[in-house]
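Peer 1: These protein sequence lines are chains Y and B, in that order. So for the first sequence, this note's numbering puts the first residue at 1; every next one is plus one. So for the second sequence, this note's numbering puts the first residue at 1; every next one is plus one.
Hint data in this document are derived by calculation from the structure and do not stem from the laboratory. Quick reminder that beta carbons are idealized off the backbone N, C-alpha and C, glycines included. Accuracy of the hints is not assured; some may be wrong.
What the hints assert, rightly or not - Residues from chain B shown here face chain Y by an in silico Cβ test under 10 Å; the list is partial: (1) P8; (2) F12; (3) V44; (4) F73; (5) N75; (6) A78; (7) D83; (8) V84; (9) C89; (10) G103; (11) V110.
Unchecked claim - Cross-link-like lysine to aspartate or glutamate pairs, in silico, DMTMM-like; alpha carbons within 20 Å at most: (12) B/K51 with B/D71; (13) Y/K57 with B/D93; (14) Y/K11 with B/D71; (15) B/K70 with B/D83; (16) Y/K53 with Y/D38; (17) Y/K70 with Y/E59; (18) Y/K96 with B/D71; (19) Y/K53 with Y/E27; (20) B/K51 with B/D93.
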Amino acid sequence: DAGITQSPRHKVTETGTPVTLRCHQTENHRYMYWYRQDPGHGLRLIHYSYGVKDTDKGEVSDGYSVSRSKTEDFLLTLESATSSQTSVYFCAISVKQWSYTFGSGTRLTVV
Amino acid sequence: GQQLNQSPQSMFIQEGEDVSMNCTSSSIFNTWLWYKQDPGEGPVLLIALYKAGELTSNGRLTAQFGITRKDSFLNISASIPSDVGIYFCAGFDQTGANNLFFGTGTRLTVIP
């Protein structure tokens with residue numbers, strides 16, 4: 001177990017409200033990622049981080065921001081949630097080269 | 001982004017049967033990975049492939065990295081009920097950018 005925890009596991013929020021999802025790791029890995037999973041699209045990268053305060057955009061970053069003030073925590077923020085952001089969000093860490101370990105996911109519903 | 005085409009989208013098989021699924025890309029990949037996702041959980045790595053032509057096994061699972069570097073397949077032999085889940089191919093492309101691209105998944109149902 002790579003020690004990766006996502007919170008919350010489920011959230012329902014209203015359109016236009018800000019939402020923050022948290023990913024916490026216990027093993028000091030440098031690289032962390034946020035993906036979203038939608039039917040017919042597999043998993044798509046939103047943002048990733050390669051160290052404290054070092055982040056970069058992924059394939060579907062519009063409408064999302066991230067922060068990493070500590071090695072163990074990677075936060076994903078939806079500044080103003082929209083219905084198109086209803087999805088299952090997964091955090092991942094790079095345990096060794098080319099091998100990612102995923103958290104259990106956060107199911108977000110925007111109503 | 002990169003498009004990984006995975007087929008079939010879903011499969012219904014009898015317990016004990018063998019399963020084959022594949023993944024193709026329009027561009028060259030340097031690394032191919034196969035993941036399995038159980039309901040309510042994140043994907044778990046099954047097999048990693050690093051060289052064109054490489055054939056790797058993990059128990060009843062066998063995966064190959066295509067010679068053209070644009071495809072990969074996964075075989076599961078003698079399927080059992082716990083093989084049920086969604087199988088994803090994934091890969092890193094030639095750019096070396098730190099972005100793992102995923103296929104759309106194959107949903108496997110095993111009928112006891």
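Peer 1: Hints first: check each against the structure and report whether it holds.
Peer 2: Hints and how they fare:
no.: 1; hint: P8; verdict: violated, 14 Å
no.: 2; hint: F12; verdict: violated, 18 Å
no.: 3; hint: V44; verdict: holds, 7 Å
no.: 4; hint: F73; verdict: violated, 17 Å
no.: 5; hint: N75; verdict: violated, 20 Å
no.: 6; hint: A78; verdict: violated, 27 Å
no.: 7; hint: D83; verdict: violated, 19 Å
no.: 8; hint: V84; verdict: violated, 18 Å
no.: 9; hint: C89; verdict: holds, 9 Å
no.: 10; hint: G103; verdict: holds, 5 Å
no.: 11; hint: V110; verdict: violated, 21 Å
no.: 12; hint: B/K51 with B/D71; verdict: holds, 12 Å
no.: 13; hint: Y/K57 with B/D93; verdict: holds, 17 Å
no.: 14; hint: Y/K11 with B/D71; verdict: violated, 37 Å
no.: 15; hint: B/K70 with B/D83; verdict: violated, 26 Å
no.: 16; hint: Y/K53 with Y/D38; verdict: violated, 28 Å
no.: 17; hint: Y/K70 with Y/E59; verdict: violated, 24 Å
no.: 18; hint: Y/K96 with B/D71; verdict: violated, 23 Å
no.: 19; hint: Y/K53 with Y/E27; verdict: holds, 18 Å
no.: 20; hint: B/K51 with B/D93; verdict: holds, 13 Å
The structure is inconsistent with the numbered hints 1, 2, 4, 5, 6, 7, 8, 11, 14, 15, 16, 17, 18, although it conforms to all the rest.
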